[in-house]
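Engineer: Put together the whole structure using the sequences plus the hints.
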Amino acid sequence: MQKEINEYRMQINRRKFLSGLSLGIGSVALGSLLIPDLFSGKDEDAILAGLPHFAPKAKSIIYLFQNGAPSQLDLFDYKPTLQKMFGEDLPASVRMGQRLTGMTADQKKFPLAGTMFNFKQYGQAGAWISEVLPYTAGIVDELCIIKSMYTEAINHDPALTFFQTGAQVGNRPSMGAWLSYGLGSENKNLPAFCVLLSRGIGNGQGVYSKLWTNGFLDSVHQGVQFSSGDNPVLYLNNPKGIDKSDRRRMLDRLEKLNEENYQDFGDPEIKTKIQQYEMAYRMQTEIPEVTDLSKEPESIVKLYGPDCLVPGTYAANCLLARKLSENGVRFVQLYHQGWDGHNNLPQELVSQCKDTDQASAALVTDLKQRGLLDETLVIWGGEFGRTNYCQGALTKENYGRDHHPRSFTIWMAGGGVKPGIVYGETDEFGYNVAKDPVHVHDFQATTLHLMGLDHEKLTYKHLGRRYRLTDVHGNVVKNIIA
Amino acid sequence: MIRRILFSALVPLNCLLVFFLLVEDRIVVPSWLQVFGRMHPLLLHFPIALLVFVTLFILVVPASKLRQPVFDSLLHYLLLIVSLTAVVTALMGFFLSNGGEYANEVMAWHKWTGVALPIILFLVCIFRVWLIANIALLRGAAVMTSVLLVIAGHYGATLTHGENYVLMPVTNEDSARKLPPFDEALVFADLVQPILEDKCMSCHNTNKAKGQLIMETKALLLKGGRGGKPWDTSKTDLGLMMKRVHLPVENKKHMPPANKPQLTADEITVIEGWIRQGADFEKKIIDLSTSDTLYMIARKTFGSGSEEIYTFKEADESDVQQLSNPNRIIVPLAEGSPALRVHFFNSAGFSDASIDELLPLKDNIVEISLAKMPVKDDMLSKLTQFKELRKLNLNETQVTGSGLSALAPLPALKSISLAGSPVIAGKLGDLASFASLKNAFLWNTSVTQQDLLQLEKENRKAVFNLGFSGDTTVLQLTPPQYVSEKEVFGKTLPVKLRHYINGAAIRYTVDGTEPDSVNSRLYTEAVILDKNTMIKSKAFKKGWIASDVVQHFYFKQTYVPDSAVLVGKHKKPDVGTTARMLIDGEKSEINFSSGMWLGFRDKPMECMLYFNKPVKASNITVSYLMDISASIMPPQDVQFWVGTDERNLKLLSTQHPRQPTEMLYREILPVECNFPQMDLQVIKIIVKPLPKLPEWHQQKGGSTAFYIDEVFVN
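Sequence lines, in order, name chains A and B.
What the first sequence shows, in this note's numbering, is residues 1 to 482, in sequence order.
What the second sequence shows, in this note's numbering, is residues 1 to 714, in sequence order.
Treat the hints as calculated values from the structure; they're not laboratory data.
Any given hint could be a false lead.
Heads up, incomplete: computed chain B residues facing chain A, CB under 10 angstroms, no partners named [as the list claims (entries may be wrong)]:
hint, residue
1, 343
2, 418
3, 444
4, 543
Cut-off 20 angstroms, straight-line C-alpha distance, at most; resulting in silico cross-link-like pairs (DMTMM-like, lysine to aspartate or glutamate) [stated by the list, open to error]:
hint, chain 1, residue 1, chain 2, residue 2
5, B, 571, B, 646
6, B, 414, B, 183
7, A, 188, B, 367
8, A, 478, B, 266
9, A, 295, B, 471
10, A, 418, B, 292
11, B, 542, A, 296
12, A, 418, A, 397
13, B, 414, A, 286
14, A, 418, B, 287
15, A, 418, B, 308
16, B, 541, A, 298
17, B, 542, A, 286
18, B, 372, A, 286
19, A, 457, B, 335
20, B, 372, A, 298
21, B, 587, B, 646
22, B, 461, A, 374
23, A, 435, B, 266
24, A, 354, B, 548
25, B, 486, A, 230
Even for Gly, the Cβ is constructed at its ideal location relative to N, Cα and C.
Structural biologist: Structure follows, in structure tokens:
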């Protein structure tokens, strides 16, 4: 009896509640009209992939990664104070207790090592450039030199991984993979993301395939590593006794099998696999043409230097990068090893510069003379900088420098960055950034921006979270954009 | 009782309201009352909600019912509460407005309606009984107060949120100011004026005209306010406006007033820069120097000046899809952009129709890349209809230039690339008539520097780019490369020499002398070796500096010893394991950590090699590594002892490998001992290291090591 009384007083029972609820559902349906694409079946991320978010400045990137960290103090960041105070201890007020690597943390003294190379000012911005980079000095009016880069990592592998993937620990997609994902391939006969390796005789640091990984993105976005031998892309040629038509028949049959498998399992990687086989087939004709350097005119050989025809050299890779980029490869990633000058730095630096200076500058000139520089972004730089104090014994002619993440220099050219400017400054000791700091994430955000991508919108959902190249950081450096 | 209290409160409050209205100009609101005033927007929601409810109540409930005591007293309560909250709200509004901040037309409307409302409500309370008797009058009064409420509320909201706040999402008037193209933008109209509108004109407008200054138009600005013209370019402080902007914020005369949004540093720079440069209303941004801070700020505001806004309609998406294929990529510049760009790939897939097929998209295509396609002059006429074309890439096509006139009618064509095409300078005259041409790229064509000057004279707006010709550049060739199947051979070995640069001649010697461009043999086909040989070679080419000499040693191996042991004091090497490594026939690569070297640091090696049967030999060769930077030097001396058994060994010779005198690149070199052919069964080799590193070495005086990998007997 009490139950009925309660029910009466509540003026509600199950029937009333449920019939009332139907109105509630109706209101939810009405509200859902405000969510666009709710029932379109399209994934939000998928909609974004494929086209720039806004009109891009650059269509492709060539990234000349100087692996091992070149010494900014001997190349771009001229600090007379270090020469004046040569051999004196780094003032504690400059370092402010910031961490050092295990390699010099135990040093009793941190003697300042002014560069032994001569610097001069070049170009409209009066940029200081060292005598070991004569060719770079010659194109300085095309360059945007950023002197105020800084990073968080202090050792090679994390720093390199951070630069390339936005995280210090591996397994995130590389920059090239993000661009491939965001913009796709321009030329359907070539991969969107190619990787070229070379090394100098300086102290080297490893590069690993994790740097050009697709991470959690579809494996079609992985970087394709080119090798220096007769077969730039391994396993691309038909085996002996198989000709082109055999290969075609084989692929057609394989596609049917894969398609059947896809119908059964629905794994998107199977689709990727089919696409990749098809692209490899088309690459069989495209790659030999693109990688053939023998038809380049003599002026090109003189521009890049005679090494450019010797496979596997940095110069050859620069030339190849230009050809790939010209043929619609979205992102060409070069790595040149040997910049890790812990000791014998001057000697190693000279030889590293000899290997790279002419070809880096040539690439910019070459793109320009073809009318491609405005749509191709060239980036030159390492994973961090080097210390202003000496590692090991210091003499006027010889010194070493340890890792330095607080400030270092990179340059960009073409692709919508302002030409002929120097951005950012370091303090008089070249230790900390004094003006306009640019974090690695800012660099990444800016690079994506130049390609027409909003770094906050280029996301991929993985393990229940949307990931970005810039994680939750990064500001576009508007002041360097033309 | 409650009703009476409420009513008695209404009387003084309304009186106060009327009083304030009369002496408005003379009131100074104390700060604690200002706090009360600022709660005006909080309280005003009560009279609004209640009044709407009361109006509906009066309109909906039938007259007969209204007269029933229950409804009557309910209505009475409601009216009293509405009146009370309305009058308190009005008073608060009064305190808030005091100070004259809002002295304009909108404010006036808000004030008068806002005051009328509580007073009318008060009257309704008084005449409630009489009105209920004349239900039509009651309803009329209810509707009238509601209308008054809407008007007062509307103007109040306008004061808080600005004009047209509600409809803004629909009318979209708030969306960013339409910026003109960068090269047409004016310093005043597009940089300075927007700042004045944002930060100054809320007071300095026709309605409010504080200090009698109105900033709305050029004429009114020039007229100035009470203090005269706002700027004076002849003064160092640039006159009144900048002076007051630069005053400390606490100063009463600082502008904008402390309680208003302040100017940012960039905004001050803009206004100041404009005045400093003469306060010119017509000056274009593009006429400023690019290093001018004003110009740089303008660049920021405008983003990139090169960004073009395309006004034509989007193309049919199905056309785009249909015409795209792997050899002809057609994509919008960006998501939602009507502009398309086209990139042709794979010359084998290109046909005469390839361009024609694009005609349905002719009004949308702004960029075409035909690089490397077999495009001939006559095909260019097909591009005449692509009126929106901005950028055309004809690099490495078959265009000679005679078809370029077909492109002259294209109004927007800005950039044309002809690098690597067989263009003839004489046929490029048509480029002069291209209206918008800014860049032409002519690298790697027959166009000369002189032709270029002529072209630049004909078309002064465009930049003609010749690029790098390298004619005057003289560089050093790289050394030749050696190609052979192996380094160690039994009877003969063909060695090929190669150079990657076309036309480079290779000259070489096999006798140890330095090759030169006259006497040494010119390489044409593989060199066949039949004995231990050092090949030295050098590359030559006209217009280049000859390469450095490069050398390579090839080892012949006729007899392989059957066993080997280390003897003497130092049987344990620093690197490697046993003497067996010296006769295993496996030559190491040039890397000291390959694991195939036998290395000794600071101590000699003594090694015995045995043949099971005597062999007829005339040469023993030891292969060693020189890697100076790793302090691996050539040994100081090498003694060769031979005989038929261990006890009868005789010293054949002691060799002293040439010591380097400067830093050299690492190399694998031989130490040879030649002798008249003899029978031998046992060989003893004693190798002594260089005692210390030479003076010129970075670690001068330090210990040295020698590394050897094989011993060959011929």
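Engineer: List in ascending order the numbers of the hints, as given earlier, that are violated by the structure.
Structural biologist: 12, 13, 17, 21
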